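From just these sequences and the hints, can you work out the full model?
There are 2 protein chains.
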Amino acid sequence: MQSVIDFVLELDKLKTVTRKTKTLHSDRYENSAEHSWQIAMLAWSLAPYAPANTDINQVIKLLLVHDIGEIDTGDTIVYANADWDALKAEELAAVQRIFGLLPDGAAAELLALWQEFEAGSTIEAQFAHACDRAMPVLLNLANNGQSWRENGISYQRVVARIEAPISQGCPALWQYLAQRLADARHAGWFGC
Amino acid sequence: MQSVIDFVLELDKLKTVTRKTKTLHSDRYENSAEHSWQIAMLAWSLAPYAPANTDINQVIKLLLVHDIGEIDTGDTIVYANADWDALKAEELAAVQRIFGLLPDGAAAELLALWQEFEAGSTIEAQFAHACDRAMPVLLNLANNGQSWRENGISYQRVVARIEAPISQGCPALWQYLAQRLADARHAGWFGC
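Respectively, the protein sequence lines represent chains A and B.
For the first sequence, position 23 matches number 23 in the numbering used here, and the numbering has no gaps at all.
For the second sequence, position 118 matches number 1118 in the numbering used here, and the numbering has no gaps at all.
There could be a bad hint or two in this list.
Said to hold, decoys possible - From the structure, some residues in chain A lie toward chain B, with a derived Cβ separation under 10 Å:
1. Met1
2. Val4
3. Val8
4. Ser32
5. Ile77
6. Val78
7. Ala108
8. Leu111
9. Leu138
10. Ala142
11. Val159
12. Arg161
As the list claims (entries may be wrong) - Chain B regions said to be covered by chain A (calculated; three or more residues, Cβ under 8 Å):
13. 1021 to 1029
14. 1136 to 1142
15. 1152 to 1162
Rather than coming from a laboratory, the hints here were simulated on the basis of the structure.
These numbers were taken from a predicted model, which means no experiment stands behind them.
Ideal placement from N, C-alpha and C gives every residue a C-beta, glycine not left out.
See the structure below:
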């Protein structure tokens, strides 16, 4: 029991990991804990648009755990020119440390989910990726392109990073976003 | 698709609903969105202590939606001498409005989950309640009784509000907490 409690209290640190996107109703950057809740809700609500036989419970679990490594690494905006292989290796070390607070069986279950998300080879992981990429876009579309402007992100850069995963994981969502992004470009909501 | 997006953006408001408990690693009050994520993780991690045949996927879903009504009503500390029937009626109206942004089938699914949580008549709802009551206690135990002190909450008041639901929903968790609460009382972490 104490190991479970230690783990859940360690998770409290994700509330202090800030992302580049602001919340819509207060002038602060969102954190990765509340983001994890919101994308679980996004994926669940988008279930009618998921590929046939997608296990939505599995998608929800993938999304609840996918950002936990940021407790040690912080969040990196998806449009960054980062060394993504090195970042992912750091995140793996982080989740091994954090999930390792739990008893072995539970730690292995969470690590397998984290790895499934990263590998992106199941329809559940692909749908989860689509939701994860879409959520900050939806917030930006509701917020005059706030994080695109602040970070100098172009329309082309956004499309280059999100089109493939979203159109693969949830084609109807990409169809929706493509039009919205074109409107946002016309409105001048990108950073360059 | 637009109705799903409208719903998920409406959910952003839950990030601005503050609770009485502070996060452990920054001097601010936690919000109900990040709380919803953390208790889903608590319930999931406590699965080995759940009653036999508890559907943990169902518990996670109950917890992800249970606080959404607070978008309209705000959070009320569980130890308050509030008119709980009136509060729950307000919350019901709130979730009917918010879930009603979704297509009918999805709205009905979420409302049924919200009602299942409130009714507390399934083992899943009872386990979810135990987790919901336990989480702020665990934060207080890690934070020198912060919200108990700030709100003048006594040891007796805490036990009166949490013993029944936690010992019913997750007996092992109550056994753990009873000892920790006794220690906290000894340490003077209660408000009166």
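Verification of the supplied hints:
1. Met1: 5 Å, holds
2. Val4: Cβ of Val4/A sits 5 Å from chain B, so the hint holds.
3. Val8: Nearest chain B Cβ about 5 Å off; hint holds.
4. Ser32: Holds, because the Cβ-Cβ distance from Ser32/A to chain B comes to roughly 9 Å (cut-off 10 Å).
5. Ile77: 19 Å, violated
6. Val78: 18 Å, violated
7. Ala108: At about 13 Å, which exceeds the 10 Å cut-off, the nearest Cβ of chain B leaves the hint on Ala108/A violated.
8. Leu111: 14 Å, violated
9. Leu138: 6 Å, holds
10. Ala142: Hint on Ala142/A: holds, closest Cβ of chain B at ~5 Å, below 10 Å.
11. Val159: 19 Å, violated
12. Arg161: At 20 Å from the nearest chain B Cβ, Arg161/A fails the 10 Å test, so the hint is violated.
13. 1021 to 1029: holds (count 4)
14. 1136 to 1142: holds (count 3)
15. 1152 to 1162: violated (count 0)
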